[in-house]
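Kindly generate the complete structure, drawing on both the sequences and the hints.
Note that the protein sequences, when read in sequence, are chains A, B and C. Those letters in the first sequence? Residues 1 to 183, per my numbering, in order. Those letters in the second sequence? Residues 1001 to 1424, per my numbering, in order. Those letters in the third sequence? Residues 2001 to 2319, per my numbering, in order.
It is worth saying that the hints were derived from the structure and are not from the lab. Computed from a predicted structure; not experimentally measured. For each residue, glycine too, the CB sits at the ideal point set by N, CA and C. Treat the hints with care, since some could be wrong.
Claimed, not checked - Derived SDA-like pairs: lysine to any residue, alpha-carbon spacing no greater than 25 Å straight-line:
hint, chain 1, residue 1, chain 2, residue 2
1, A, K85, C, H2136
2, C, K2045, A, D75
3, A, K80, A, A57
4, A, K80, C, D2099
5, B, K1398, C, H2136
Claimed, not checked - Distance windows between CB atoms, simulated:
hint, chain 1, residue 1, chain 2, residue 2, range
6, C, D2102, B, H1111, 36 to 46 Å
7, C, T2261, B, D1097, 54 to 64 Å
8, A, G61, C, R2134, 29 to 39 Å
9, B, V1267, C, R2218, 21 to 31 Å
10, B, D1097, C, E2095, 54 to 64 Å
11, C, K2075, B, D1312, 42 to 52 Å
Claimed, not checked - Which residues of chain A face chain C? A partial, calculated answer using Cβ under 8 Å:
hint, residue
12, G78
13, Y123
14, R125
15, E127
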Amino acid sequence: MTNAKPTDVRAKVPEGLPDAERALAALVEKMRGAVALDAKLIGIYSGGAWLAERLAAILPGNLPVGFIDVSFYRDDYGQKGLRTKVETTTLPFEVEGSRIVLVDDVLYTGRSVRAAINEIFDYGRPEKIELAVLVDRGGRELPIEATYVGARVSVARELSVVLNREADRFQLSVEPVTSEPRA
Amino acid sequence: MKIEINNGRLIDPAHGVDKTTSLYIAAGKIAAIGTAPAAWHANRSVDAAGLIVCPGLIDLSARLREPGFEYKATLESEMQAAMGGGITSLACPPDTDPPLDEPGLVEMLKHRARSLNCAHVYPVGALTEGLRGETITEMGELAEAGCVAFSQADAPLVDTQVLLRAMQYAATFGYRVWLRPQDAHLARGGIAHDGEIAMRLGLASIPSEAETIAIDSILTLARATGSRIHLARLSTHEGIARVREAKRSGMHVSCDVSINHLHLCDVDIGWFNPNCRLIPPLRGVRDRDAIRAGLVDGTIDAICSDHTPVDDDGKQVPFAEAEPGATGLELLLPLTLQWAQQEKQPLAKALSRITIDPARILGIDGGHLAQGSPADICVLDPEAWWTVEARALKSQGKNTPFLGLEVPGKVRYTLVAGQIVHEA
Amino acid sequence: MHNPQLNAGGELQHLLTLEGMPAAIVERILDTAVPFVSIAERDVKKVPLLRGKTVFNLFFENSTRTRTTFEIAAKRLSADVINLNVGVSSTSKGETLLDTIDNLVAMNADMFVVRHAQSGAPHLIAQHLSARQREHVHVINAGDGRHAHPTQGLLDLFTIRHYKREFRNLTVAIVGDVLHSRVARSLIHGLTTMGAAEVRAIGPQTLLPTAVEKMGVRVYHDMKSGLAGCDVIVMLRLQTERMKGSLLPSAGEFFKHYGLTADKLASARPDAIVMHPGPMNRGVEIDSAVADGKHSVILPQVTFGIAVRMAVMSILGGG
Chain A
1 MTNAKPTDVR
11 AKVPEGLPDA
21 ERALAALVEK
31 MRGAVALDAK
41 LIGIYSGGAW
51 LAERLAAILP
61 GNLPVGFIDV
71 SFYRDDYGQK
81 GLRTKVETTT
91 LPFEVEGSRI
101 VLVDDVLYTG
111 RSVRAAINEI
121 FDYGRPEKIE
131 LAVLVDRGGR
141 ELPIEATYVG
151 ARVSVARELS
161 VVLNREADRF
171 QLSVEPVTSE
181 PRA
Chain B
1001 MKIEINNGRL
1011 IDPAHGVDKT
1021 TSLYIAAGKI
1031 AAIGTAPAAW
1041 HANRSVDAAG
1051 LIVCPGLIDL
1061 SARLREPGFE
1071 YKATLESEMQ
1081 AAMGGGITSL
1091 ACPPDTDPPL
1101 DEPGLVEMLK
1111 HRARSLNCAH
1121 VYPVGALTEG
1131 LRGETITEMG
1141 ELAEAGCVAF
1151 SQADAPLVDT
1161 QVLLRAMQYA
1171 ATFGYRVWLR
1181 PQDAHLARGG
1191 IAHDGEIAMR
1201 LGLASIPSEA
1211 ETIAIDSILT
1221 LARATGSRIH
1231 LARLSTHEGI
1241 ARVREAKRSG
1251 MHVSCDVSIN
1261 HLHLCDVDIG
1271 WFNPNCRLIP
1281 PLRGVRDRDA
1291 IRAGLVDGTI
1301 DAICSDHTPV
1311 DDDGKQVPFA
1321 EAEPGATGLE
1331 LLLPLTLQWA
1341 QQEKQPLAKA
1351 LSRITIDPAR
1361 ILGIDGGHLA
1371 QGSPADICVL
1381 DPEAWWTVEA
1391 RALKSQGKNT
1401 PFLGLEVPGK
1411 VRYTLVAGQI
1421 VHEA
Chain C
2001 MHNPQLNAGG
2011 ELQHLLTLEG
2021 MPAAIVERIL
2031 DTAVPFVSIA
2041 ERDVKKVPLL
2051 RGKTVFNLFF
2061 ENSTRTRTTF
2071 EIAAKRLSAD
2081 VINLNVGVSS
2091 TSKGETLLDT
2101 IDNLVAMNAD
2111 MFVVRHAQSG
2121 APHLIAQHLS
2131 ARQREHVHVI
2141 NAGDGRHAHP
2151 TQGLLDLFTI
2161 RHYKREFRNL
2171 TVAIVGDVLH
2181 SRVARSLIHG
2191 LTTMGAAEVR
2201 AIGPQTLLPT
2211 AVEKMGVRVY
2221 HDMKSGLAGC
2231 DVIVMLRLQT
2241 ERMKGSLLPS
2251 AGEFFKHYGL
2261 TADKLASARP
2271 DAIVMHPGPM
2281 NRGVEIDSAV
2291 ADGKHSVILP
2301 QVTFGIAVRM
2311 AVMSILGGG
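This is the structure we're talking about:
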C-alpha cells in the first residue's frame, strides 16, 4: 500500500498536496532575515534532518546543523514500543545559551516537537527555540505552533504526510498510517 | 465370586497362547480356559470382545512413597494408579524413609499393601544398612519378611570390596542382587548425559563411561561370586552391548529399562523441562535406539515404569535442583504398546516384557495364565488412545515428560486374586 | 517446548539466551545500543523511556559488577530499580523461586534481571510468567549457571562490531575455561548467528566441553596455533576453585600454556583486539602488559555493556 501512486489517493486530499519545493521556497522566504545569524539548526530525523541540511545550505550565515532522534523521548513508547531503527542524536555545538531553530518536515499533533524540546533540554538550557516546518497539517493535540511554516494542508486522519527525497529534490506524498511509531 | 471373561483375545506370552477364548475365574484362581468348568454359574460376566486379556502386568520398580514420603503420594493413591494401569504386581525399591533395611519396616509395608487388597507388593530390600554402602544388611531376616531381592536403589556403592562381600553373601543364600550401574566418581555432580545437549544447556554431565565401567565391575564380580545379578535401568548403548556379550558367553544376568528411556533422549529436555530430570539421565539418540533394539532381541529382559511421584515443589525449580523421577504406573502399558507398534513387534513380545519376563526376574509365580494360577488379569483395549494429562492420572504424581501426548492402550478391567479391582 | 523468549509475533519478550536468536533481533539490539553510547557522554545521562517502571535485580549469585551495570542501565532509562540479593539458596527463607517471583509481580514488577547459579532458572521464570499470563513482565538473564549470559554476548558482539565493522571475515578465538563458561557459550552462539568466518576454542581438554565442535567451533590445544591469524581474542576468566585440582594443576601452569602474553599475541593479526569479560586475573589468563596494552579493548567493553543493556531493556519494555 505504501507504493500507492499519488493519483490513487489524491481523491482523499481535497485541496491536493502542496509541491514540496515550492513549500521549501516559501519557508526559506519566511526564515531569511528572521532567523538569527548565530542560530543553530536541529533537524528531527529523518525528514527534519534532510530539511535542516537544505536550509543550512540556502540560508545565509553558514548555520551549524545538528540532528536529533526523538525515539527515547516519545510519549507513545508505552503503546508502540521502540522504533526499529533508532539514529544517534548528534549536536556538534553547545546547546547551553544557544538560539536554536528546531526543524521538522511535517507538524501534526505536536508530540514529536514536544519530545524534541525535552531532549534538547537534556543537553543544556537554550536561550530560545523556534520551530520551522515544511508543512503544517493541523490536528494539534498539544499547544505547540511553528514559528515558520512553508505550507498548510488538511489531510484525513487515516493518512500520514510523508516527505520523500529523490536526488536533491523533495516530494510530499500521503501514506496510510502504519503501526510503527511515526518518525 | 465366579467371574467369566468372554470373547477376549487371550494373549499369554509365557505359554505362547494367542487366541480368542474365554476365561473362568473362581476362588481367586483361574478355574479354566476355553471351556467352562462343570456346573459353572458366573456371578459376573465380562464381555471382552475387541479387547485383549492378558496376565496382570508386573512392574519391577514403583516408588509408593511409603514409608516416609507420604506428602508426595500415599499407598492408597498409588495403588489406584497401579490398578488403573493394569498392574497386579509391583516391586518397590528400598529408598523409602527410613530405607527398607529393617524387617519390621518391610512387614509393615507388606501389611499395609495387603490390607488395601490391591496389587501384590514385593519389596526390594536394602543391600547395605541405610543404603550407605558400608555394611551389609540382614538379608536373611529381610528375605523372611518378604524381600524378593536386594538393591542400593540409586544410592552409590563406592567401595568395591563391600560390593564384592555383599554379592558373596547374597550368593551364599541365592538372594538376587539388583544394581543400577553407575560409577559414583564419574557421575559425581552430573545431571545430564555428557553430550551436545548438556553442553548447550550448560548442565553438569555424566559420561556414558560411568555406566559402562560400573557394568564391567559388576559383571566381573558376579562371575567371581556366582551372584544372581539384575542390572536396573540401563541407559547406554555401550552398556547394552556388554550385557549382550555377557549373555552370549553364557552368563546368567538380567536387565531392565524404564519407559522413559524407551522413548526419550536428551534432546527432549528442550528448554530445561524438569520432568526430564531423571536417573539415569536421558541419553543420546543412539542410546535410545539401542534400548529399543535390545528389547527386540531380548538382551533387555523387561520394561518397568520406575514410577517416582514428585510434587510441584520438587519439579518447579531450576533443572539441576529438580527432584529426579517421573510418574509412570499408568504409562507402563501404553508406552510398551507404543514401542511395539513403532518397532513392528508382536503384541505377545511386548506383553512378555511386562508380564512373564519381570516375573522371572522377581522369582515369583506370576505373569502367566494357567489353570490353577492366581487370577491376576488385565483386560485392555489396545486401540483406545488417550491424552496424558494431570486429570487423567490417578497417581498423585503428575510429573511425566509425556504430558500432553496421546498414547495407546486403556485398561478396562484389572483383576487381582480373582477380584475386579478396577474397571473403566 | 517453544522458545519462550519470543512472543507469538516473533518479537522479543524476554532475553534468555543467544541460542536460536534471529540475526535480525541481534542486529536491532546492537543498532539500538549505538545512540545509548552517545547518551552516556552527555551530562544528563538519562532518557525517560522506563519512567514509572520497576526493575528488580534478582541476584541469586553474587556479582556486584554485573548488578551495578544493570542498575546503572535501568536508572539511565529512568526506571525504579530494586536490588534483591537472595543469596546462594533461593529457599533460604523457605520461599521457592517461583513464589518469590509471584510476590514481586504482585508488587508491580515490570522487569526481572535474574542471575542464578543454576542453568535454566530464567527459563523457568519466563515459562511461569507465561503460564500466569503475565505478558507485560519481562525477564533478562544476567547469567544462569554455565548456560548463558546473553547481555555479555551482545556487548562482546557490539565491541567486535565497533572495532571490526563486520563479522563475515573474522576469526575469533575464545581462550580458557570454555567448559564452565556461560560467556563463551553465548558468544559462540552470537558469532555463529552473525556469520563469523571462524570461531575457535583454545584450552586444555579438561576445560573444553565434549562435543564443543557441535556449536560450530574449531578446537585448539596449542595457543600459538590457535591464535594464528585471529582478529579477535577473547580471554575467559579462570575461577580460583578451578585453578588447582583435577582440572588444572596450577594457575602458573595455566598461564604458561594459555595465558595471553605479548609473545603469544604476536601470532595473531597485528590489528587484533583483546577482550575479557572481567574481572581479570592478571598473571593467570592475561599478562598485565597486554591487558593495559594497545590491543586491549577491555575497558570500552564495560562502557558498551551499559549501552547494550539499555538497548535490551528499552526494546523489551515497550508496548
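These are the hints, each one checked on the structure:
1. K85(A) to H2136(C): holds (23 Å)
2. K2045(C) to D75(A): holds (19 Å)
3. K80(A) to A57(A): Between K80(A) and A57(A) the Cα gap is close to 36 Å, so the pair fails against 25 Å, i.e. violated.
4. K80(A) to D2099(C): Not OK: K80(A) and D2099(C) at ~31 Å, beyond 25 Å, violated.
5. K1398(B) to H2136(C): violated (29 Å)
6. D2102(C) to H1111(B): 36 to 46 Å: The hinted range 36 to 46 Å holds for D2102(C) and H1111(B), with Cβ atoms some 43 Å apart.
7. T2261(C) to D1097(B): 54 to 64 Å: Since T2261(C) and D1097(B) have Cβ atoms about 56 Å apart, the given range 54 to 64 Å holds.
8. G61(A) to R2134(C): 29 to 39 Å: violated (56 Å)
9. V1267(B) to R2218(C): 21 to 31 Å: With a Cβ separation near 24 Å, V1267(B) and R2218(C) satisfy 21 to 31 Å, so the hint holds.
10. D1097(B) to E2095(C): 54 to 64 Å: Given a distance of about 24 Å, which is not inside 54 to 64 Å, the answer is violated.
11. K2075(C) to D1312(B): 42 to 52 Å: Once the Cβ atoms are compared, 37 Å apart, the range 42 to 52 Å for D1312(B) and K2075(C) is violated.
12. G78: holds (5 Å)
13. Y123: Given a least distance of 6 Å, the restraint on Y123(A) holds.
14. R125: violated (11 Å)
15. E127: Check failed: Cβ of E127(A) comes no nearer than 18 Å to chain C, outside 8 Å.
The earlier numbered hints that this structure contradicts are 3, 4, 5, 8, 10, 11, 14, 15.
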